[in-house]
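Trainee: Here is what each chain is made of, one letter per residue.
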Amino acid sequence: MVVLAGVSVIVFSLVHLVPGDPVRLALGTRFSQESYDALRERSGLDQPLIEQFFGWLGRALTGDLGVSFRSGETVTSLIAERLPATLTLAFASILVALLIAVPLGTISALRPRSIIDRFATVISQFGISVPDFWMGIVLILVFAGTLGWLPSGGFVPIGEDPLEWLQRLVMPAVVTGVVSGSVITRFVRSSMLEALGSDHVRTAQAKGLPTRQVFTWHVLRNALLPLVTVTGVQLAYLLSGVVVVEIVFSWPGLGQLALQAVQARDYPVLQGAVLLFALVFLVINLVVDLLYTAIDPRIRR
Amino acid sequence: MTGAPVPEPGSSPDTPAGAPGTSPAATLRPARPRWQETLGLLARNPTAAIASLLLIAIVLIAIFDDTLAAEGPNDIDVAERLQSPSWEHPFGTDDLGRDILSRIILGASVSLRVGFLAVGFALVVGTLIGLLAGYYGRWVDDVLMRFMDMLFAFPAVLLAIAVLAVRGPGSGNTALAIGIVYTPIFARVTRASVLGVREEVYVRASRSVGASDWRILTRHILPNAAPPIIVQTSISLAFAVLAEAALSFLGLGTQPPNPSWGLMLAEGRSYIELAWWIAFFPGMAIFLTVLCFNLLGDGLRDVLDPRQRTQMSGSGAAVAADAGGEK
Chain A
1 MVVLAGVSVI VFSLVHLVPG DPVRLALGTR FSQESYDALR ERSGLDQPLI EQFFGWLGRA
61 LTGDLGVSFR SGETVTSLIA ERLPATLTLA FASILVALLI AVPLGTISAL RPRSIIDRFA
121 TVISQFGISV PDFWMGIVLI LVFAGTLGWL PSGGFVPIGE DPLEWLQRLV MPAVVTGVVS
181 GSVITRFVRS SMLEALGSDH VRTAQAKGLP TRQVFTWHVL RNALLPLVTV TGVQLAYLLS
241 GVVVVEIVFS WPGLGQLALQ AVQARDYPVL QGAVLLFALV FLVINLVVDL LYTAIDPRIR
301 R
Chain B
1 MTGAPVPEPG SSPDTPAGAP GTSPAATLRP ARPRWQETLG LLARNPTAAI ASLLLIAIVL
61 IAIFDDTLAA EGPNDIDVAE RLQSPSWEHP FGTDDLGRDI LSRIILGASV SLRVGFLAVG
121 FALVVGTLIG LLAGYYGRWV DDVLMRFMDM LFAFPAVLLA IAVLAVRGPG SGNTALAIGI
181 VYTPIFARVT RASVLGVREE VYVRASRSVG ASDWRILTRH ILPNAAPPII VQTSISLAFA
241 VLAEAALSFL GLGTQPPNPS WGLMLAEGRS YIELAWWIAF FPGMAIFLTV LCFNLLGDGL
301 RDVLDPRQRT QMSGSGAAVA ADAGGEK
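Respectively, the protein sequence lines represent chains A and B.
Numbering-wise, the UniProt record's numbering puts 281 at position 281 of the first sequence, and it's gapless, one number per residue.
Numbering-wise, the UniProt record's numbering puts 17 at position 17 of the second sequence, and it's gapless, one number per residue.
If you are wondering where the hints come from, they were derived from the structure by calculation, not from laboratory data.
For clarity, every value in this text was computed on a predicted model and none was experimentally measured.
Heads up, some of the hints might be wrong.
Claimed, not checked - Per label pair, the in silico range of CB-to-CB distance: (1) A:G148 to B:S270: 16 to 26 Å; (2) A:V9 to B:Y271: 41 to 51 Å; (3) A:L220 to B:T67: 52 to 62 Å.
Built from N, CA and C at the ideal position, the CB exists for glycine as well.
Using the sequences provided together with the hints, build the complete structure.
Mentor: Next up, the structure:
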């Protein structure tokens, strides 16, 4: 709660930290005194700071994030417009990431120092280091350019054309999924190794439990906790819009909206987007904490 | 890019035998001679050794960029535009006939300067905050770490974009933006490490003979809390280079006509089907540099800080406290 309050203060101050007059910057070089006064009044910038802050906060709490300087649409509707694309990409990416990370991390933990383990380590190191926008460009070059199998970008709602929706989703989801998956793989591997080496696993093996049972109940369950955490962090990151990948694939998500808002100096939109991202981050952390309690009864005390 | 650096758990289980920091005896040793020991152990780790050598090469290239580059960064030669790689232009030329290899060499110093400045800022500010929070505890800890949590609640790229929106684009502001993003991570890593050594016998002994807080902090706590901070520095450099490239790619970082790897990628993007080399080679340069910093960070962790690995993967709470951001 304290964090959220602080976050809202920072988000609010964004407009006032900018050198110069935000209204003047938004209007560009040629404008009349009337349009200047009108925008200033409409955005409430003529009122004292404290009043502005609490006015903005109160409206934000009821879902009113103000009106875009540029298009005149409400910020809430602009964000709502972008939400489907962002949600689609985020969940598709996390799916790709888990499909890579869980098997790869598990296998390398079960056979440490084997060829597969070394391969997984190298691959995940590559995945963490590769610039995602560059990978996107290379994929577009190969699959959209040379081979011509996939469209190079854009988003189509699933209701309109499920096949095209999938075709357009594949490349951006793979790019972000590989990057997130590499991070998760390392966590899966180390937490599995940790669980495999623990006393209770040795005890379970010693008392003659079948390997499968030891694995499911003693190893997997203990390795699940770090996995949930890191997946939550990755999801928060993906939901806040993978700006650069969205630009590469012309994906109309929230990251793109935030970048356009910066470029157009459209502060109400930027404030709204940043506030939303911070909120998403905090909510996901809360959900992760709740999941802990479900997974690990010891935390319940 | 993109993202916030995560203090990650180590990826390999093979801890070199006799690594410092594992036994109480090791922590009691004075900090200085460790350097030689560390370098020796690092040299025996082939991946980390190769990564360090490559990094030294990249840094040398960045320092002597003017001598090494065959052409100036903005030697426009329209007759030679969009040439594919050849002996004369090993990486080809771009849409203005500029030599890509020369621009990559000159871009190295831009990328590295921003990376070092950003991490330097985060290291100094974050470590100071972490030291104070961890050492004094109570309300100092609460106030400082709450503030860090607030910064941490913003997605890394967006925080950087917001800083650049306020301060305007450019290399210096990019370094500041990335530095601000990474400060909370250094604060957290330092604080956790300080908490681990705060109640050690030598700290209490030092306090009992009347040493000042400053002396205890700089002579006893910082040297012994340093290993995770050093590892984090290397990993953060990787992400800072990546972040600079991403921000420049978006047009918010280094401004044209300066050669920056991210910017070159953005410029090459529109010619990708016509001339793949314009975007391909700068991307490789970013990838290689980032990979080397990451591999060095991994190697350093194995040598310096085998404990961090077990702590982090050991309990969900530790991971929850330390993991953050993307990537």
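Trainee: At the C-beta level, are A:L220 and B:T67 separated by a distance inside 52 to 62 Å?
Mentor: Once the Cβ atoms are compared, 57 Å apart, the range 52 to 62 Å for B:T67 and A:L220 holds.
Trainee: At the C-beta level, are A:G148 and B:S270 separated by a distance inside 16 to 26 Å?
Mentor: holds (19 Å)
Trainee: May I ask you to test the hint 41 to 51 Å on the CB atoms belonging to A:V9 and B:Y271?
Mentor: Given range 41 to 51 Å: holds, Cβ gap about 45 Å.
Figure legend: structure checked against the earlier numbered hints; every hint is met.
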